[in-house]
Amino acid sequence: MKKSICLYFQVHQPSRLRLYRFFDIGKDSHYYDDFENRTILRRIAQKCYLPMNQLLLETIEKHKGKFKVAFSISGSALDQFDRYAPEVTESFRRLADTGCVEFLCETYFHSLASLSSPAEFSHQVLKHKAAVESHFGVTPQAFRNTELIYSDAIGEEVYKLGFKTMVTEGARHIMGWRSPNYVYTHDFEPKLKLLLRNYALSDDIAFRFENRDWQEWPLTADKFAHWLAAAEGDVVNLFMDYETFGEHRSAGSGIFDFMRALPDKVLADKTMDFQTPSEVARRHKSVSELSVPEPISWADEERDVTAWLGNELQQDAFNKLYSLTETLALLNDPQLWEDFGHLQESDHLYYMCTKFFSDGEIHKQFNPYDTPYEAFINYMNVLSDFMIRVNDALAQK
Amino acid sequence: MRVLMFGWEFPPHIAGGLGTACEGIVKGLAANGVQTIFVMPSASGDEDQSATTIVNASDVPVEDFSETVDDFLDKVKFVRIGSNLKPYLDVEAFEEAVENEKKGQRKEFRVQYGQKYKFSGKYGANLLEEVAKYAQVAATIARERSGQFDLIHAHDWLTYLAGIAAKEVSGKPLVVHVHATSFDRGTDDMVDTRVYAIEKRGMEAADRVITVSDLTRNIVINKYGIDPAKVVTVHNAVDFSGRGNVVAERGVKDKVVTFLGRITFQKGPEYFIDAAAKVLKRTKGVRFVMAGSGDMMNRCIRHAARLGISDRFHFTGFLRGAEVQQMFALSDVYIMPSVSEPFGISPLEAMRTGVPSVISKQSGAAEVLRYAFKVDFWDVDALADDIYALINYPALSHFAGAQGYDEVNNLKWNNAAAKMKAVYESVTNTQ
Chain Z
112 MKKSICLYFQ
122 VHQPSRLRLY
132 RFFDIGKDSH
142 YYDDFENRTI
152 LRRIAQKCYL
162 PMNQLLLETI
172 EKHKGKFKVA
182 FSISGSALDQ
192 FDRYAPEVTE
202 SFRRLADTGC
212 VEFLCETYFH
222 SLASLSSPAE
232 FSHQVLKHKA
242 AVESHFGVTP
252 QAFRNTELIY
262 SDAIGEEVYK
272 LGFKTMVTEG
282 ARHIMGWRSP
292 NYVYTHDFEP
302 KLKLLLRNYA
312 LSDDIAFRFE
322 NRDWQEWPLT
332 ADKFAHWLAA
342 AEGDVVNLFM
352 DYETFGEHRS
362 AGSGIFDFMR
372 ALPDKVLADK
382 TMDFQTPSEV
392 ARRHKSVSEL
402 SVPEPISWAD
412 EERDVTAWLG
422 NELQQDAFNK
432 LYSLTETLAL
442 LNDPQLWEDF
452 GHLQESDHLY
462 YMCTKFFSDG
472 EIHKQFNPYD
482 TPYEAFINYM
492 NVLSDFMIRV
502 NDALAQK
Chain W
1040 MRVLMFGWEF
1050 PPHIAGGLGT
1060 ACEGIVKGLA
1070 ANGVQTIFVM
1080 PSASGDEDQS
1090 ATTIVNASDV
1100 PVEDFSETVD
1110 DFLDKVKFVR
1120 IGSNLKPYLD
1130 VEAFEEAVEN
1140 EKKGQRKEFR
1150 VQYGQKYKFS
1160 GKYGANLLEE
1170 VAKYAQVAAT
1180 IARERSGQFD
1190 LIHAHDWLTY
1200 LAGIAAKEVS
1210 GKPLVVHVHA
1220 TSFDRGTDDM
1230 VDTRVYAIEK
1240 RGMEAADRVI
1250 TVSDLTRNIV
1260 INKYGIDPAK
1270 VVTVHNAVDF
1280 SGRGNVVAER
1290 GVKDKVVTFL
1300 GRITFQKGPE
1310 YFIDAAAKVL
1320 KRTKGVRFVM
1330 AGSGDMMNRC
1340 IRHAARLGIS
1350 DRFHFTGFLR
1360 GAEVQQMFAL
1370 SDVYIMPSVS
1380 EPFGISPLEA
1390 MRTGVPSVIS
1400 KQSGAAEVLR
1410 YAFKVDFWDV
1420 DALADDIYAL
1430 INYPALSHFA
1440 GAQGYDEVNN
1450 LKWNNAAAKM
1460 KAVYESVTNT
1470 Q
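In order, the protein sequence lines correspond to chains Z and W. The first sequence begins at 112 in the working numbering and counts up one residue at a time. The second sequence begins at 1040 in the working numbering and counts up one residue at a time.
Here chain Z stands alone, though its shape is the one from the complex (with noise of 0.2 Å):
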């Protein structure tokens, strides 16, 4: 049996807030810098998505079918596509039409649900299951959660939603002697794959490529393809931010030559061959269970959930957040339900992260504020004012 390669790149986009004073609580009830987001979008569109999206099209007809890469957009992206540039929705439907690319489930805001409350979750991930079958015509069959947390609780929750298939990082402290290029399963749904994301070979491509530091640049696709033949194992999940090509990764880098030559050289080695993860899931036998008791994510170097709920300023925002669901249940209001959204993208949480000494870099480079603690205050007034209008909206009904 061939050894899988599994590319599945990561496409969100925050809504990120405007300057909300606290002079604005009560009276002002827009809370997002369009001007921003506009401007981001359009920037990583005419950077990224676009020729990225051209490259992976053209690689696949080249192949006929023998490339493939597997996309989780986030419904928060999607809905900015849709607003400010529907050529990019337009570009992943003609990759959708291939029929070589996979389309992965998730919160549709990019949130925490999944920490938090379990209907909450459930909410999120049908309205972006239905989503995805709206834009793309395709229904998502494997899952992959916010930055790809996951604990057993979690992957209990994921299977009850109908997944067979959830991707999620070989995070060190729970893997040990383990190796991530083998497919597991949930602790005790035996029928949950699991596939994890080699957090050593993504890397090499997300992170130090551009980095001259490293004694193994420059990064060339015949040298990567060596590793992935060397790599032992069933499968290498290479699983990174799409933003990583163009973006993060400047195009000078020459990401995309190595992204263009990737697939000759790995399909010239008869050992391998590309699979996206719900393909994998089938390929492969599991080799164990993995018992994840406390939530893993992809972040950091602790691979837990402390860049989102490390400190007391995120603690406090997400349980005043979360403390609403119940309550907003209760309401029938599509402006509340679409502001609650909003407010639950992970990104405003992240941007509070005080872990400047080892992670610090990587966090302000995704920050538009200059310290956690504006980017706390101005959450806090956003969120004081969406509570006054979830409790006039209560006491109106």
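No lab work stands behind these hints, which were simulated from the structure alone. Because the structure is a prediction, the values reported are computed rather than measured. Hints are supplied without guarantee of correctness; some may be wrong.
Label-pair distances were calculated between CB atoms; the ranges are [to be verified]:
| no. | chain 1 | residue 1 | chain 2 | residue 2 | range |
| --- | --- | --- | --- | --- | --- |
| 1 | W | D1231 | Z | R149 | 44 to 52 Å |
| 2 | Z | W325 | W | R1321 | 28 to 36 Å |
| 3 | W | N1284 | Z | R194 | 42 to 50 Å |
| 4 | W | S1280 | Z | R149 | 28 to 36 Å |
| 5 | W | K1323 | Z | R194 | 36 to 44 Å |
| 6 | Z | E327 | W | G1290 | 52 to 60 Å |
| 7 | Z | R323 | W | E1134 | 31 to 39 Å |
| 8 | Z | E405 | W | N1284 | 54 to 62 Å |
| 9 | Z | S228 | W | K1292 | 27 to 35 Å |
Not close to chain W: a few residues of chain Z, all C-beta gaps over 12 Å, as computed [stated by the list, open to error]:
| no. | residue |
| --- | --- |
| 10 | M112 |
| 11 | K113 |
| 12 | K275 |
| 13 | S389 |
| 14 | S399 |
| 15 | D427 |
| 16 | L432 |
| 17 | L442 |
| 18 | N443 |
Cβ atoms here follow ideal geometry from the backbone N, Cα and C, with glycine treated the same way.
Given the coordinates of chain Z, work out where chain W should sit on it, guided by the hints.
Below, chain W alone, put in the same frame as chain Z:
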């Protein structure tokens, strides 16, 4: 009576309350028939000069005058700020180093003759250097205008050296005005010794020391060892003329309890947060606002988050001009829980807007405000109690608001300036 006054800032470009107080003082003095020449390091030209003549120290070249440089240096003994700390020198090498330093000092000083020094007039990194340079310029000004004043008045430590230099050159009496001391900026065991030294020198060289409250007077006497006989308290006032009533549209229906000021240890912000948490346990219809910025801000944000009250406890960051008025107009209760506050003008501003205030007993304002609620800064229970009462019992807040409004409108700079004039007379007449 003519006064040569040294300040650091003057409205409209101000960083703190000092400039505002100086404006009130010169206007009050003018009303009492006292003329002032107000010197400041960096004037922008848009200051209101109706009550005083503003001299911009940045425009004054340091002039050569008949005495030798050595003579001048001897007289003024201005503080030279240099890094003369060199470890492990033997006696001879040390002697040599000191000589070189002296030579360099003379040389540097000669070079500066005829030159202007561009003051920033801010509170930046080279503050001590600016303070020393300001003294040089002050000496020049005092010489040039020697016939134009009877007395020198210097506001806060930044200008004390200038005051001393002017006194040495002119021989006129010096009054220093203590708006704040090092002990209000740091804690007892953490004062800036360089600043303390300048403050002490200024107070010792002065013929009279004016303090803004009895609280500050006690500090001057006890911590600086100044003769009580020459320390006089003149409480601050506040000038509301030309101030319209700001009407702010309220977004929130809840009561708003406000803290406004620098978020530093001295202002007691954490007592406010603790009191807020206690009040929120009893009632929900209230929001707390901490307006301002400072080195304790982040710590306070974490503190509020830890108490789980962030949805009802808001931070606005630094507020400017009209936003401050707007904030007062939006408030139902104003809180000043200062650990140490020489005077504290902000509750007066609040009460002028009709907002009842709770202030700490450790503030100078507590000495003059009868209709403000007073608690010990550390007494969080008492603070919470007062807040609860003011937001829940309308009769109380109406009474406190109305009485407080009348009270602060009667605190006039004219009255304060009359007391200052008496202080001036006490030193000019003895000479």
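We went through each hint and held it up to the structure:
{"no.": "1", "hint": "W/D1231 x Z/R149: 44 to 52 Å", "result": "50 Å, holds"}
{"no.": "2", "hint": "Z/W325 x W/R1321: 28 to 36 Å", "result": "59 Å, violated"}
{"no.": "3", "hint": "W/N1284 x Z/R194: 42 to 50 Å", "result": "44 Å, holds"}
{"no.": "4", "hint": "W/S1280 x Z/R149: 28 to 36 Å", "result": "48 Å, violated"}
{"no.": "5", "hint": "W/K1323 x Z/R194: 36 to 44 Å", "result": "37 Å, holds"}
{"no.": "6", "hint": "Z/E327 x W/G1290: 52 to 60 Å", "result": "56 Å, holds"}
{"no.": "7", "hint": "Z/R323 x W/E1134: 31 to 39 Å", "result": "55 Å, violated"}
{"no.": "8", "hint": "Z/E405 x W/N1284: 54 to 62 Å", "result": "58 Å, holds"}
{"no.": "9", "hint": "Z/S228 x W/K1292: 27 to 35 Å", "result": "28 Å, holds"}
{"no.": "10", "hint": "M112", "result": "52 Å, holds"}
{"no.": "11", "hint": "K113", "result": "52 Å, holds"}
{"no.": "12", "hint": "K275", "result": "40 Å, holds"}
{"no.": "13", "hint": "S389", "result": "42 Å, holds"}
{"no.": "14", "hint": "S399", "result": "41 Å, holds"}
{"no.": "15", "hint": "D427", "result": "4 Å, violated"}
{"no.": "16", "hint": "L432", "result": "9 Å, violated"}
{"no.": "17", "hint": "L442", "result": "18 Å, holds"}
{"no.": "18", "hint": "N443", "result": "24 Å, holds"}
Going through the hint list in order, the structure does not satisfy hints 2, 4, 7, 15 and 16.
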